[in-house]
Each structure stands twice: as structure tokens, then as C-alpha cells.
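Chains as they are written, first to last, in our numbering: chain V, 1 to 368; chain C, 1001 to 1368; chain E, 2001 to 2368; chain U, 3001 to 3368.
Quick caveat, the hints were computed from the structure, so don't treat them as lab data. Just so you know, these numbers come straight off a predicted model, no measurement behind them. No residue lacks a Cβ here, since even glycine has one placed at the ideal position from N, Cα and C. Careful, some of the hints might be misleading.
Stated by the list, open to error - With a Cα cut of at most 30 Å, we get these calculated DSSO-like pairs of lysine-lysine:
1) C:Lys1326 - V:Lys278
2) E:Lys2167 - C:Lys1066
3) C:Lys1155 - V:Lys316
4) C:Lys1066 - V:Lys278
5) V:Lys107 - C:Lys1278
Said to hold, decoys possible - Some but not every residue of chain C turned toward chain V, in silico, with C-beta under 10 Å:
6) Gly1033
7) Gly1079
8) Asp1114
9) Ser1132
10) Val1163
11) Gly1209
12) Leu1223
13) Ser1237
14) Ala1265
15) Thr1321
16) Thr1360
Number of protein chains: 4
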Amino acid sequence: MSHNSFGQLFRFTTWGESHGPALGVVVDGCPAGLAISEAMIQEKLDRRKPGQSKYTTQRREPDQVKILSGTFEDERTDGLRTTGTPISLMIENTDQRSKDYGDIRDKFRPGHADFTYEQKYGIRDYRGGGRSSARETAARVAAGAVAQLVVPDIKIRASLVQVGPHKINYDRFDWDQVDQNPFFCADPVAAEEWAAYLDGIRKEGSSVGAVIEVVAENVPVGLGAPIYGKLDQDLASAMMSINAVKAVEIGAGFDAAELTGIENADEMRAGEGAPYFKSNKAGGILGGISNGDPVVVRFAVKPTSSILVPRETVTKTNENTDIITKGRHDPCVGIRAVPVGEAMMALVLADHFLRHRGQTGRDGGVGF
Amino acid sequence: MSHNSFGQLFRFTTWGESHGPALGVVVDGCPAGLAISEAMIQEKLDRRKPGQSKYTTQRREPDQVKILSGTFEDERTDGLRTTGTPISLMIENTDQRSKDYGDIRDKFRPGHADFTYEQKYGIRDYRGGGRSSARETAARVAAGAVAQLVVPDIKIRASLVQVGPHKINYDRFDWDQVDQNPFFCADPVAAEEWAAYLDGIRKEGSSVGAVIEVVAENVPVGLGAPIYGKLDQDLASAMMSINAVKAVEIGAGFDAAELTGIENADEMRAGEGAPYFKSNKAGGILGGISNGDPVVVRFAVKPTSSILVPRETVTKTNENTDIITKGRHDPCVGIRAVPVGEAMMALVLADHFLRHRGQTGRDGGVGF
Amino acid sequence: MSHNSFGQLFRFTTWGESHGPALGVVVDGCPAGLAISEAMIQEKLDRRKPGQSKYTTQRREPDQVKILSGTFEDERTDGLRTTGTPISLMIENTDQRSKDYGDIRDKFRPGHADFTYEQKYGIRDYRGGGRSSARETAARVAAGAVAQLVVPDIKIRASLVQVGPHKINYDRFDWDQVDQNPFFCADPVAAEEWAAYLDGIRKEGSSVGAVIEVVAENVPVGLGAPIYGKLDQDLASAMMSINAVKAVEIGAGFDAAELTGIENADEMRAGEGAPYFKSNKAGGILGGISNGDPVVVRFAVKPTSSILVPRETVTKTNENTDIITKGRHDPCVGIRAVPVGEAMMALVLADHFLRHRGQTGRDGGVGF
Amino acid sequence: MSHNSFGQLFRFTTWGESHGPALGVVVDGCPAGLAISEAMIQEKLDRRKPGQSKYTTQRREPDQVKILSGTFEDERTDGLRTTGTPISLMIENTDQRSKDYGDIRDKFRPGHADFTYEQKYGIRDYRGGGRSSARETAARVAAGAVAQLVVPDIKIRASLVQVGPHKINYDRFDWDQVDQNPFFCADPVAAEEWAAYLDGIRKEGSSVGAVIEVVAENVPVGLGAPIYGKLDQDLASAMMSINAVKAVEIGAGFDAAELTGIENADEMRAGEGAPYFKSNKAGGILGGISNGDPVVVRFAVKPTSSILVPRETVTKTNENTDIITKGRHDPCVGIRAVPVGEAMMALVLADHFLRHRGQTGRDGGVGF
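All chains, full assembly: derive it from the sequences and hints.
Structure below.
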């Protein structure tokens, strides 16, 4: 057990606060011999980092990652390789701007973890949210890059599918669009609408929530271990652990409640070499085990409570007061959660891939 | 780690198949000295068991629980008490009716775990769904009864809040109604509507999904351990592990995506002795830690795929075929998930109560 | 984590007290498709059970095991097979003889866990030692039988090598002798000497300690995971968890402290297809990983403190008193620990076999 | 689970190779509010570091530790305090001297982990032993310093008690002597003898083993969780995980095998406010739970196999060859294991202290 570790055979542990000297992650259980590099991890981090557009936080962090252990290279290894020992990754914080947070030392920001951390621990690093800051997600994205090495054939992509009340149109869904706009949105028309909408939100000093959809394709059959090691269970856990997430669904999700048994069950047909499913309401998971179809997960991110509008709250000594966030402000934190969702999907699948292989000796797949 | 265990300090492990001689659970880590009895556990099981109304499966199981270990009583203990050692509970299966399942040996029922279990393990007990059967939830409910002993002051109740497309009206919400109708529904008017609706569904030989809401009140502040031991994360994991669940949300859930920061953040005011929240969009959890407000979780159950209508599928040898479920059939499996949701809430809270006490030496609460 | 579970991928959880209705174990993570039977498990239990000779406890327990879950059989499976789901094994207690323990309710037996259980939990089942009773080892032996199925090519055998101050002569070591005498002793001459020696001990109403050596042959190279998942570490943990064990050593063990680097290091030579070691001071483990040589573990069992001689102790209310054990009495509990040591070796190796396969995709072996 | 983590509620994860840029540890689960500083950790590291005397390795590492997370300080906290979030500690490597290891790339050093790492992973960092290097123990000592903060009233001390065949005389045992000689030896006469003896060993280019005894005093009653979370079990696991350890014993240890029940059981007498034990063969642990007496653990370290004498071995391609270690060489690696043993004792006790508090709500102690 560990409060700050996730996973069983492929397990990672993150550390670091928003205003500490650095943050990082130790990845344990990674198979040996995989080709790895700082550049490869950096590429994933660069997608996530703040200060990329006017819609995401203006904090400028280079988020440069360093590999401190778990790899080796000489003239025979054909590049840098994992050794099977723990891989320690570190990212230094450079743009903390402590003075922005001075007056929240004695007040609890509504919607943030200030109150609960203070009650639980009796002490909290209030600068930038301390350990509860979303900067921790940089460590996840770095770990996710390593996880992807374990399951190189699984293609993982995510798209923002809703911002505030505005949803995409699935008929226009095109993965190639995701990196063409500031929203990681697969629907270019929606991306346009959201630009205007979020401009308004940002100018009001307000914020809005979002929904992200993550899809993993080419997932082998058999990943997931009933009853309490189910794949969907670990995906729900993984997404819910992300800052500001309040909901997770698989496949048809909440809509499945409204369907009948006839509408919901994905019928099967004989295929070439193996059967296939006529539909995918299940989201690629049946009985907690992957069935070969794309694994589809959606999660909802609440609007950030750091807004430029005064809010009622209390002080540490239980007295009424107001609070207003100054300085940096994110109109939609959900945007930057997109690469984080991809990372969590990779981390869960890598872990389950190793666990399945451990218990069965197989890499997954259809046994026909 | 364990595929069939859940929890850290308060940990339970279930075992048993639908058509095996029995099923059961071992509860480990329960504090010593708590008053316990088979009757107390039986009471919770009786709420869950099949054959109670025409809306739930007609399989008749007495689900009699026996305590086999972990307790002790003599003339000084003031009744039967837990000893701090593992508590083994067993429930015998009596009404298996093997002959109902004979022809699904070679076919995969759509929407069920047949296909995935077969691919993962190369073998499956196809009678009644084997280990994937919802009978396993009886073990959970038994374990949940023990968990409630650890947190006796926390009041946990659940209600069915949606059946198919029909939702309750929260203005009529009354907990006292939950045990007055066959649906565990807090809205008596909705219960009436559902009766008629489900009669139709049942006669069609079809099924429909549902949404359950679980509420825990009087939860002390401080339960949950960031970043990967968050309370909402473990609740999502717990509910998603229940058979047929496809979605979980906390507080405002998916609706939070549509809210602005102003609408969503729960402001705070000074209260008597401690502050309080003006609203509860957070569902009682902030930054992964309980904030003292009711913890509110909702989860969606898909419609069962065991319906009396032929479905297209394949055989074990990848040939097209049809399949039709005969015999027992549940028009809405979500109904019986209500006590299971309560049990999972108790199990997660008991575990977090002990973990919080372990790390901080406190039982939770507001430190003013 | 779990106080009553052991292992990671191949994990078992035991339950049950000496005087409860039954005891048992849930084995989780066992691969599917392995041939299993109650008879096979019973065979290993029969080697362990009490009442077999005048040198072991006169409590007569049939120790009949039942398999309650985790297996399946039809006309195609070629006998009963594991399904990959949890295997629940139960053994009923039949010969508890409660009246033997009545007067130890208020006194702490020296050398037993009475005092510490009472302080830790505030309550204890004092009949027969409750949960601290060696009857729990029956559950381990049952679980060990299942573990052996995972590593069928590994040959595991144990021998008593010392009783009190009397050691065997390794020059006479012959595995075929182990089941030919009541001591599981590979040295027939020592067995004779011990018979006379223990007769004396038993008549005095006293007891004596012992040392057991467990050897696993044909262990593939590569099992064990540095730094904190080392094979020798888990073996030490496993043996130390057995009742009354106070010491564990691997290979040369404590003797290694007296050796020089020249004497201790096992040199290597090229062999047919793979290298071999000229000696085995390492006990088959280097750097925490198996090296292909026999894995050799020894552990010491203290003499039981349940003897027929009065001992000074205190009551629950901190008053001086005497205590004397009546009824059943074991002159050397170490004898029955021999099959338990074999079981623990199997359980650790099975777990490490799966973990190694999980992380590397290989079954172990020399990669030349 | 994790190959590189140890502990349950107080859990640490180490990372880093001998010749990598750094090594470190992440400590998770530490209670909040404890006073901490780099200086405090550095003090423990300085006791361990190489290059301190002619009897320990001549590699000169400053082993400067940095705290990167998990702490906070402002004008009200009264110094630097733990926050309850993960504490990341890092120690940079400065004196790697890569050229010393060039020719062992293709050969397996006898007695080292080269062969087994290569077989398990297919790749190894051969410089300085890579991950198998004893430099990892610096990370343990740093983590142990944090652990001591959790149990400040427990006094933990260790002494070397045997070097090669030469044992100390317990009649001369004086803790104050331990830091007065280069051997951490509580017997000043033995320390003198060892100086001469080891001078000889070192000049021969050879090495010798050792035995270390670690004692924890003022341990509260009740730590340890039967059956598989026993305190002695975790201590055995902890010590066996240290490089080059081949044996562990508690209290009378292997000698207990030679004792009778009369000699071995520690009788009890009524004391002031609580009972006490007349002797301590049990080593402070009964039934896996601490009994209030000093916890006494001894472990044996084998002689290092890195010696300046040619040894027979094989190459990676299974060909006979010789190997000789050049450069730095430790005549007795056991010396530096003394602070490591203290650290592991602290780490296990801190973990069990929190686990006991979690399950029982008490800090341990005698309930009279």
C-alpha cells in the first residue's frame, strides 16, 4: 500500500510540491531492455505544459525532465535501455512566484483542498496548493511515457469532447485534428466555438468544466483481473485520482442506465481468425477484462475554483471572510488534463499487461 | 496486491462461484472488541437477496451466513466480539439449478464475461456465470456489515434514483420511503411509475439499466490520502468493481463539467465550533479528502444481458450462432445493487478511517 | 497490505482459530488450467497432522480438507482444474477439547503469545492459543500444495537436521530416509539417537528446540526481484512467520561470517550449455536472485513453552502466580514444522515464478 | 507491491545505481508536523559513509543529502516540518571512477549478483555493481533517519559483535564504546584485536564476514500483526534485504534450538504498574508482537567477494576465465552495515507503530 503509489507490477510513486525545488516520480517494475530517452519523455511533457496558449495557465515552466536511474548504455546496447531497476525521473520547478500566494495562508479557498489538508495533517504548504497542485500531473505524464514502452502496440489518444455545456459532434470526429488546435479537440468546428466561448469566460475571470475522452486501440484480449483487479475499476481509480475529476465512465457509461438489454449488449459475429463485436457499448471491457475492442473512458473535470471573483469563505480560526485569487488563472483546467488522461491509460494498461502475463504466461490475445 | 482483495488496512477477500458449494469472504484488519453477530450480518444480507419481489431474480437463496473465525465470547465479553484476527464468513449456495445453463457451454453470451474469461484463463465455469456472477455481491454485503462496525457513527443509505430513462424527483426525496417499496426508492411517486414500467419490461423478456445514489452522513473530516489513496478514487474503484457498473460520479459529477467556477465551488461560512459549506457540489470530498459534508456517490448499472430475446453471438470455435437465456431473468439488476452500494461505501470508509488514524493518530474531525 | 496474507501475485490468506469451527485459506492468483484435487492436498496435510507418533501432540485431528471454490470440471477438462479464480480451502476442527484450557484465561503462559495478544487487542481467544495456535500451519500446508502446482518441476524437500544439541551427520544424508522415521530426518543414525533423547524429554514433561533444512532443486535462474523483493528476503520472511521460529539462514548462513572471501565465494566454470558453480555457499541465491543451484534454507524452532513443569508468571491483573500446562504437550514442535517449511518454500517460489514471468515475460532460465 | 519499496503505512522506495548521477529514496506515509532537517539526516549518513578508516572502502563520497519535497516551513511552524506528503531525498554520486570496472563487462564476478542480474534482465549496469551496489544502503540510512522521527522514544543502537571467527565478550559490552573505535564495537578489547586481525586480512587482499547485533529499547507493547505481519518476520525481511546478508536471528536465535522449554521461556513477574520478564530469550517479540522488552536482532554479513586474489569464473559466453578485482576493496563490509541495521530497525518499527495505531487506535503500551 502507499498513498502516493499507483499500480501493482508496474508501479509508480510521485513526489513534489508546487513550490518545492522539484517534483518527480520513481517508476518501478518496468521490464528491462526497452529503448528509452529523455527526449521521448520530454515530448509527452511538452504537450502538457503550461503557458502554451492563452487558454491555459500563464505560469511558464520548461518542465525539463532528467532520468536519474534505471537505465544503462554502452556501445552494445543500441542506445539507452531500461535495466529493470527503478527509473527515477525529476523535473525542476523554476517559476514558482511565491508572492502570489501570501494571503491565502490563513484562509481556505473554496473548492480547493486547503481546508481538508489542514484538517487532516494540521499543516499545509499553502503556496500554489502545495502537494494538491496540478503540477503533480507532470510527474504522471513522465511516468506515462515510460508505461507506453511496455505496450508499444497499443495506440492511446484522447480528445476534449465537452467544454462547459458545449459538446463536440461525433460525426466530425477526426483524431488528426487533436493537435491542430489549442484544445486537443478532435472536432475542428467545436474547437472554433470553444475559442470564442472561453475567451468570454477568461475575461469574466471565471472558469468552466470539461469532459475528456480517452481511447486505447489494439488492446489485447484478457487484461484485467476479476473481481477487484478489474481493468475498468483501475481506470476509474486512475482518472478519479487526477486533480479536479468528479466522474468517470466506460463505454456507454451513464447512458447505459437508460438502455434496454437489447440495445446495450454488443452482439458478436465470427470474424477472420477471431470473432468481433458489432458494437462497443461495453467500451472494450466485459466482466472487468478487455475484450479486444477499443477501451473507451470519459472523465469530467470540474471548473477550477481559482477565479478572479471574490468568494465567501472562512479563516483558519473559523471567522467569515472573502477571498479572491490573484495572478495566474486557468479558464478551463480540463484542457491540460487531456495528456494526463492518456498517461493514466498507458499506466493502467502497462500494469495490467504485466499482471496478465504473470498469472497466465501469455501476452493477451484471442485463443482461437 | 491481490486480484480478489480490496482495501488496505481494512481488507476483505471474496471467493466462490455461482454454482459452487458456497461463497464467502475473509475480512482482515478489523479492530478488536467490536460487538458482532450473525444476525446483524444476516439482516443486511436479507435486504439484498433474490426472490424478494417479481422485479428481482426468481432464484431462491436463503443466503444464510455463518461466522467461522475472528470472534470470541465468554461470560465477560458482553456478547460476541471481534478479536482482531481474520473474520471468515461463509454463505452456502442452495438453489443452483445447473440444468438451466447447459447450452451456454460453447457459446458466449453477449454482454457477459463469458468471452473474456475464456480468453484470459482458457477455462471457465459457465454455470450461472461462475465467478462473474452477481452472487459474489452477497459476500460484499456481508463484509460491509462488518465494516459498518468500524464506523458506527457514519450513517450510510442508498436509493435507486433512476430506472431506464425515468428519474426521481429530488423534491420528493424521503429516506423513510426506501424500505417501503420493492425498489429501494426514496421517491414514492417514482416507485409507482417504475412498477408499471418494469412490469412491461419484464413481460417483454427485456431488461433496463439504473442509477443508484449512495450517501454517507456524519463522515469525519480528513479521510482519504492524497495523491493515490484519495477517498473519491477508492469509492470510484469500489463501485466500478460491482458487476455491471459502467460509470461513477461524486457530488455534481458529470454535471460539474457544465458548471462555471462560480456555480461549482462550495463557499464556506463560520459555524458553531467549526465552519460549514453553503452547498455540496463537491459531494463531501475536496482534494481527495472528506470535508465533513455528506459523501455523495452515484453509479450506473447497465441492463443485464441475460434476456429472453435471441441474440447474435459466436461459438467457442468462432462460428456464428444465436443464443437465448432461459430460466431466471432480472428485468433490472440495478435494484439489488442498492445494498451492495451501501456495503462498498462502508468498506471504503472503514478502511480510510483506520488508515487516517494510522498516519495521524486521530479519528478525523475538525481541528478548531 | 494485509496482516494475514502472504505473497504478491500468488497470494494466500489464512483464517481460523484453534478452537473455532474451522480454519482455512483463500489462495488467489493461481494460474488457470492446473490439475488439482482434494486428494493431492490431503496427502500433504496427512504428513503434517498431529497424533502420528508419540513424539507429536496427541490431539487427533483428521484435518480433512475441502475445496470450496476456484475449480471446475466437466467431461472435457480432463479432471478437476483451477479456473484462475480464488481457491478456498477449509479444514474443520473436530478435537478441540475446550476443558483443557479453562484456567489459562486469566494467566499469561510464558513463551506464548497470550500476553502480547491481550495487550495489542484487549481481547483474546485463550482456548488452545486461539489464532496463535500452530493449527494455522495446516492452512499453510494446504496452500503450499496448490503452490507446488505452479512450479511442478521444482523439487522441494526438507529434513530435520538438529534436535536440541544433537545435529545430523551430513555424510549420511539421504533424502529417501526422511519418510522412514518419525522425525523427517535424512540421517537414519541421528533418527535413532533422537528417539531415545526425546523419550527422555517427553517423560520429563519438558521440550526441546530444533533446526529444519529445506532444499529446492531445479529452481530456474532469475527468481527474485531486487532490492526489496529479493528471494532470500521473502524466504526469511516466510520461515520467520511460522510459529516458534527464531532464526533463518540461507546457504552458509551464520557460518559465512567466519569465512574469508576466498572460502565463501562460489567460483564458476563453463558447463554444457550453461555455466555451473563449483560450490554452493550462496544457498542458490546471489544478489537476491536464484542462480540455478539448489536453494537451501535453514530455520530454528524454539522449544515449546507448553510444558508440564510449573512456571512463574502473572495474572491479567499483574499479580504473581504459577502456571502449568496440562493435557496435550509436544516434546519437539520442530518435527511438525518440516512439512510447513516445505509449504512455505513452495509458496514463495510460486509467487516469485509468476512475478518474474510478469516483469520479464520469461519463465526463468539461463540465457545462453 | 513493489520490488523496490518496503513497508506498508510507512513505506519507502529507493532508486539509483552505483555509477548513476545520484541515488535516493521517497518516504511515503510519514506523519505530518514532525521536525526534520537535512542536518539530522546527514548526521546518520556520515556515520555510514565510505573512506572513514583504512578498514572501509577508499571510495570518497561526501554523501550530501538534499530534501526535495514533503516538508514546509514558515515563521509559525517552528522550523522545518513534515507535511504528511512524500519526502524525496537525494544523494549525488561524485566519486564513481568508472575506469576501475571496465574488464568486468564480460565476466561474472563470483559471489556477486552479476550472473543473476544478467540472466534475469538480459542487461546490467556492470559499473560498480550497478543497482546491486551497497551504495543503495545510503538511501536506507537516510530513510531510517526519517523513520526515527516517528518513534522518537525508541532507542536504537547496533554493535558489530563478531568479525570472522572472533566474537566479542558480552561481559565487556558497553554502548558508549561503539563510536570510539572504527568498528562500531561495544567491546573495546575486541576492537583492538580486530584491528590487528583485519590489517592482516586487508594486506592479503582478502576479506572476512561479520555479525551485527541491533537492539531497540523502550519499544511499546503491541507492535506487530499476526500472522503474516509479524514484527520478527518484517525484521528478518528487512535485514535479509541488506546486501550480503545470509542469516537473521531474533533473541536466542539459533541457540534456541538447543535449549529446553524450561531454559527458553521467559518467565514473568508482577512489576510496578505492569509485569516484566525475568529474561529475554524471546528478543522482545512473542507471537510476532513486541512484549516491551528490548527487541534484539542479529544478522550475518558474508565476506565480500571483491578481493584482490584471482578467482575462477566464466564469461558471458560460457567460457572459462579468471577475474581479479582491482582498485577499491573492503576487508570487511560488515562494518558499514552497522548503521544500516539501525536504519532498518527504525524503518520497521515506524511502520509497525503506525499500523498498530491504525488498527487499534492506540500507540502501544501495557493495558493495566
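Taking the hints in turn, this is what the structure says about them:
Restraint check: the Cα-Cα separation between C:Lys1326 and V:Lys278 comes to about 23 Å, which is no more than 30 Å; the hinted pair holds. Among the hinted pairs, E:Lys2167 with C:Lys1066 is inconsistent with the structure: their alpha-carbon atoms are about 48 Å apart, more than 30 Å. Restraint check for C:Lys1155 and V:Lys316: the C-alpha separation of about 28 Å stays at or below 30 Å, so the hint holds. Taking the CA atoms of C:Lys1066 and V:Lys278, the gap is about 45 Å. The hint is violated against a cut of 30 Å.
Only pairs whose Cα atoms come within 30 Å are accepted, and V:Lys107 paired with C:Lys1278 is accepted, the gap being roughly 16 Å. Look at C:Gly1033: its Cβ only gets to about 24 Å from chain V, farther than 10 Å, so that hint breaks. Nearest Cβ of chain V to the Cβ of C:Gly1079: about 32 Å, over the 10 Å cut. The hint is violated. Given hint, C:Asp1114 at the interface with chain V, holds; its Cβ is 8 Å from that chain's nearest Cβ, closer than 10 Å.
Taking 10 Å as the C-beta cut-off, the interface hint given for C:Ser1132 holds, the closest approach to chain V being about 5 Å. The interface hint given for C:Val1163 holds, since its Cβ lies 8 Å from the closest Cβ of chain V, which is under the 10 Å cut-off. Residue-level restraint check for C:Gly1209 holds (minimum Cβ-Cβ distance to chain V is 4 Å; threshold 10 Å). Below 10 Å, beta-carbon pairs count as interface contacts, and C:Leu1223 has one with chain V at about 8 Å; its hint therefore holds.
The closest approach between the C-beta of C:Ser1237 and any C-beta of chain V is roughly 4 Å, which is under the 10 Å cut-off, so the hint is satisfied. Look at C:Ala1265: its Cβ gets to within about 3 Å of chain V, closer than 10 Å, so that hint holds up. At a threshold of 10 Å, the smallest CB-CB gap from C:Thr1321 to chain V is about 9 Å, leaving the interface hint in force. Because the closest C-beta pair between C:Thr1360 and chain V is about 7 Å apart, less than 10 Å, the hint holds.
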